[in-house]
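Chain by chain, the residues:
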Amino acid sequence: MNLLEARDLSIEYLTRDGNLKAVENVSFSLGFHETLGLVGESGCGKSTIGLSLLRILPINARMKGKIFYKEKDIAILPEEEMRSLRGKEISMIFQDPMTSLDPIMRIKNQFFETFRAHFQKMKEEEMIKISSDVLKSIGIDPSRLENYPFEFSGGMRQRVMIALAIVLNPSLLIADEPTTSLDVVVQLQIMEVLKELKDKRNMSMVLITHDLGLVAEIVDKVGIMYAGNLVEFGDVNSIYENPLHPYTRLLLISIPNVKLEDMELKYIKGNLPSLKSPPAGCKFHPRCPFVMDVCTKEDPPTFEINERKVKCWLYEGEHDESKSETNIG
Amino acid sequence: MMNQNQKLISVRNLKKYFPLKVSWLKIFKERPYVRAVDDLSFEIKYGETLGLVGESGSGKTTVGRTLVRLEDPTGGQILFEDVDLAKLFGESLRTKRKDFQMIFQDPMASLNPYMRIGNAIEHPLKIHKMGNKAERKIRVYEILEKVGLPPEEFYNRFPRHLSGGQRQRVVIARAMVTNPKFVVADEVTAMLDVSIRSQILKLLIDMKNEFGLTYLFITHDLASAKYICDKIAVIYLGKIIEIAKTYDIFKEPLHPYTKILIASVPVPDPKMKKKKFIPSGEIPSPINIPSGCRFHPRCPYAMEICAKVEPELKEINGRTVACHLYD
Amino acid sequence: MDGSSGEILMISKEIRKGLRGLFKDSSGLMAVIGFLILIFYVVVAIFAPFISPYNPTQPSGPSLLPPTVSHIMGTDNLGYDIFSRLVWGTRMAFAIALIATAIAAVVGIPVGLLVGYIGGKTDRVVTMIMDSVYAFPGLILAIAIAAMLGPGLLNIAFSIAVVYIPTYYRVIRSQVSTVKSELYVDGARAIGAKTSTIIGSYVFPNVLPSTIVIFSMNLADSIMTEAGLSFLGLGIAPPTPDWGYDLAKGQQFILNNDWWMVLFPGLAIITIVLGFSMFAEGLDEYFNPNIGEKR
Chain A
1 MNLLEARDLS IEYLTRDGNL KAVENVSFSL GFHETLGLVG ESGCGKSTIG
51 LSLLRILPIN ARMKGKIFYK EKDIAILPEE EMRSLRGKEI SMIFQDPMTS
101 LDPIMRIKNQ FFETFRAHFQ KMKEEEMIKI SSDVLKSIGI DPSRLENYPF
151 EFSGGMRQRV MIALAIVLNP SLLIADEPTT SLDVVVQLQI MEVLKELKDK
201 RNMSMVLITH DLGLVAEIVD KVGIMYAGNL VEFGDVNSIY ENPLHPYTRL
251 LLISIPNVKL EDMELKYIKG NLPSLKSPPA GCKFHPRCPF VMDVCTKEDP
301 PTFEINERKV KCWLYEGEHD ESKSETNIG
Chain B
1 MMNQNQKLIS VRNLKKYFPL KVSWLKIFKE RPYVRAVDDL SFEIKYGETL
51 GLVGESGSGK TTVGRTLVRL EDPTGGQILF EDVDLAKLFG ESLRTKRKDF
101 QMIFQDPMAS LNPYMRIGNA IEHPLKIHKM GNKAERKIRV YEILEKVGLP
151 PEEFYNRFPR HLSGGQRQRV VIARAMVTNP KFVVADEVTA MLDVSIRSQI
201 LKLLIDMKNE FGLTYLFITH DLASAKYICD KIAVIYLGKI IEIAKTYDIF
251 KEPLHPYTKI LIASVPVPDP KMKKKKFIPS GEIPSPINIP SGCRFHPRCP
301 YAMEICAKVE PELKEINGRT VACHLYD
Chain C
1 MDGSSGEILM ISKEIRKGLR GLFKDSSGLM AVIGFLILIF YVVVAIFAPF
51 ISPYNPTQPS GPSLLPPTVS HIMGTDNLGY DIFSRLVWGT RMAFAIALIA
101 TAIAAVVGIP VGLLVGYIGG KTDRVVTMIM DSVYAFPGLI LAIAIAAMLG
151 PGLLNIAFSI AVVYIPTYYR VIRSQVSTVK SELYVDGARA IGAKTSTIIG
201 SYVFPNVLPS TIVIFSMNLA DSIMTEAGLS FLGLGIAPPT PDWGYDLAKG
251 QQFILNNDWW MVLFPGLAII TIVLGFSMFA EGLDEYFNPN IGEKR
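Protein chains in written order, with our numbering: chain A, 1 to 329; chain B, 1 to 327; chain C, 1 to 295.
Hints were generated in silico from the structure; no laboratory data involved.
Among these hints, one or two may not hold up.
Below, in silico cross-link-like pairs of lysine-lysine (DSBU-like), each with a Cα-Cα straight-line distance of 35 angstroms or less [claimed, not checked]: (1) Lys249(C) <-> Lys98(B); (2) Lys181(B) <-> Lys249(C); (3) Lys180(C) <-> Lys181(B); (4) Lys137(B) <-> Lys194(C); (5) Lys259(B) <-> Lys208(B); (6) Lys66(A) <-> Lys271(B); (7) Lys251(B) <-> Lys276(A); (8) Lys96(B) <-> Lys249(C); (9) Lys121(C) <-> Lys202(B); (10) Lys259(A) <-> Lys96(B); (11) Lys308(B) <-> Lys202(B); (12) Lys21(B) <-> Lys249(C); (13) Lys200(A) <-> Lys259(B); (14) Lys259(A) <-> Lys21(B); (15) Lys194(C) <-> Lys146(B); (16) Lys308(B) <-> Lys269(A); (17) Lys259(A) <-> Lys137(B); (18) Lys21(A) <-> Lys181(B); (19) Lys96(B) <-> Lys208(B); (20) Lys266(A) <-> Lys21(B); (21) Lys266(A) <-> Lys7(B); (22) Lys126(B) <-> Lys259(A).
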């Protein structure tokens, strides 16, 4: 059994000027204790997927498809039952710790709030004990339970947010750009915290980020998103060693690195497509160095090659016939 | 080039302090300051690109803003071709501005929402009375082409119809339109999408090469600095702690903080299980600067002297570093 | 949703999109209603000579006549036709409101712009003065000034304007403080723009939208204030048709059960004020979220 499985997930936003297709026919799976890195740029739909896993999409979102959590379709779960999952089974941490924590509530009380949402009768001593243990494991002195969020630095605040998210020992943690607003050194520290969560607590994670470098050290599987599509999905080692989709390849070589041998800057031409009026055919084709005629006309299906999924016409001939998934509509 | 090896910019003992509001009760105690830039000195030669690398709170943006005189320095000199910008005000400062420009970090906020792109780029030419109306339009068309925005399409548009990357190109175009000698680029790619960042970086490099520009490249991303900078200065809590040629900084970083910065850049290679040292703590607030060496509370090599005496910038083998390890 | 009805839906979608372009969402309905009311009164004002059945400053029937076929709103104590007076009075209402608001804007906006941008001591002093005027109850201030200046169209407009100058000042000044620290203003300084250019091209266009709403609300308020002044006898001298004056007069006769002398002028004042206010609300929705798009 997989911990998480998304099947043909499609999410649209209803806006004044028409419908925005934020996520289109995305399917992936995540096993127990595994970490998935969902990588992409702004507007690719990665954050939308994160919100959909917790069913906290904005009011103008329309979701289609299935999301199996421990083999139960949570996409259609009644709100009451979903609420009992949130925080306890599936938890989320967000990008900006400054605005995600209630500024006028002591940390202690924010923990109490989390507990009381699921265990109304829990005693205060017990709540304090569990909270202190969690804070200690994250590297924060438990005496700081009395502090307010503004008394913490950026990195510490993010740790507090992580502590709040894991205090009830969820099976799945979704981290939406957890280090984007932090400095590069603090980023390193927080990634270590997440790594420990993975190793010591056996927590499954979905790490949502735009940084291909960041996911390399911590995830087991990688999903690359572009303009609402999952263009590549597979095991982390093989993707970095042998990226198949042109976007993945270009991204990997165009990231600035610190290697002295590499002094020439490579870049991807063109701009991100507009979600309101995307290009015909494959959404990446205007920027693709390998573009073919078919790419400009037809949206490629997702081909499966040796446990790797690629949504690209280049791989039409190579896929396992029996396993290819075709997009409908 | 005529001026090579001559200094274009020479910053000496630059200080920028921001006073904090003091409550009435504390009025007799010494007034606390945020010492954002605390006695900084560096030089940039004609045609050179100096990188200023540091985390947020290091003071790097304040250095940039003070250099282009968006702020008044609290002390020190900013010699621009032998004219001290720190002593220029009003009209004489304004007219000098055609020779030095700034590119800002946030492309969504740096353009006037009510000004069309063409007019925005033309504006510096109008201000400094460069050319007549027709000549200015030609120049704007020219520069729009150079930054990769077809003029027929973009001249009359408003910023709100442009993406982040496109807006940043407009800002670059506007900065270059008067043919300045010196450009300060403040975190110009930080708020752009990943696939666009390298494009913009490449544009800056191309313009540098074509027009022989001199840059101060401010960034928190050491990796991107590598491609565009000739020399790199690392700044921590308002002070420069190391300056060296780009190659030397990456080949052999001297200051422990520089080492940490380099090690913190994520590497897209899952096989590289780093023997990493994870630094502790975060950059302290510039209101409470640690005694002695500013970095000593987080330094894995801290010695007794580090807590007491602030190290001076010393020259070693053609590079400079401020660290007691190298005394 | 398919088939021939699709076309009709498409067409109505286009119309709706167009209307939405002008007025947004549910507040759109409010703005549309407000706008229609205003258009109605504007038309009445423009075509007053053709709509008004009688001369409003001459007796056209027996005095104190209740509404009948010949005089649909009745006549007042001097035999003037009330309906005609209301129709002609529309011009007065608009004239005073527009002039008063224009004066207030022309004085308040530039002062707010300059003082807001310069800041410092000037800011503190001027703001203190403006706040004091603002704190003063509007109608009383208008009364005081009108009493000093005496009757007459311009005098009244001026007294009303003084009450509203601080409103423009405050709104503009607070907007300017925000815009002043925007990055594009820094950008303008960095390219060497003169202070006057920065204020004129970079700050002013970005603070102006906030005043459009104020303008409309002011118009509503001015009419009320003018009615109040006339009511107290400080307004337009009779026999010029003026709603406030008529309302005041009507009040004297209410004990006689001559209700039509109060009802119709009162209704006119209420509806036009409503019209301006609703329109202002709609404009607010339209202008404020429309500047630029966030990524």
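These are the hints, each one checked on the structure:
no., hint, in the structure
1, Lys249(C) <-> Lys98(B), "violated (69 angstroms)"
2, Lys181(B) <-> Lys249(C), "violated (76 angstroms)"
3, Lys180(C) <-> Lys181(B), "holds (28 angstroms)"
4, Lys137(B) <-> Lys194(C), "holds (21 angstroms)"
5, Lys259(B) <-> Lys208(B), "holds (28 angstroms)"
6, Lys66(A) <-> Lys271(B), "holds (34 angstroms)"
7, Lys251(B) <-> Lys276(A), "violated (47 angstroms)"
8, Lys96(B) <-> Lys249(C), "violated (69 angstroms)"
9, Lys121(C) <-> Lys202(B), "violated (47 angstroms)"
10, Lys259(A) <-> Lys96(B), "violated (39 angstroms)"
11, Lys308(B) <-> Lys202(B), "violated (44 angstroms)"
12, Lys21(B) <-> Lys249(C), "violated (59 angstroms)"
13, Lys200(A) <-> Lys259(B), "holds (29 angstroms)"
14, Lys259(A) <-> Lys21(B), "violated (46 angstroms)"
15, Lys194(C) <-> Lys146(B), "holds (28 angstroms)"
16, Lys308(B) <-> Lys269(A), "violated (52 angstroms)"
17, Lys259(A) <-> Lys137(B), "violated (43 angstroms)"
18, Lys21(A) <-> Lys181(B), "violated (46 angstroms)"
19, Lys96(B) <-> Lys208(B), "holds (21 angstroms)"
20, Lys266(A) <-> Lys21(B), "violated (48 angstroms)"
21, Lys266(A) <-> Lys7(B), "holds (31 angstroms)"
22, Lys126(B) <-> Lys259(A), "violated (44 angstroms)"
Hint violations for this structure: numbers 1, 2, 7, 8, 9, 10, 11, 12, 14, 16, 17, 18, 20 and 22, all remaining hints satisfied.
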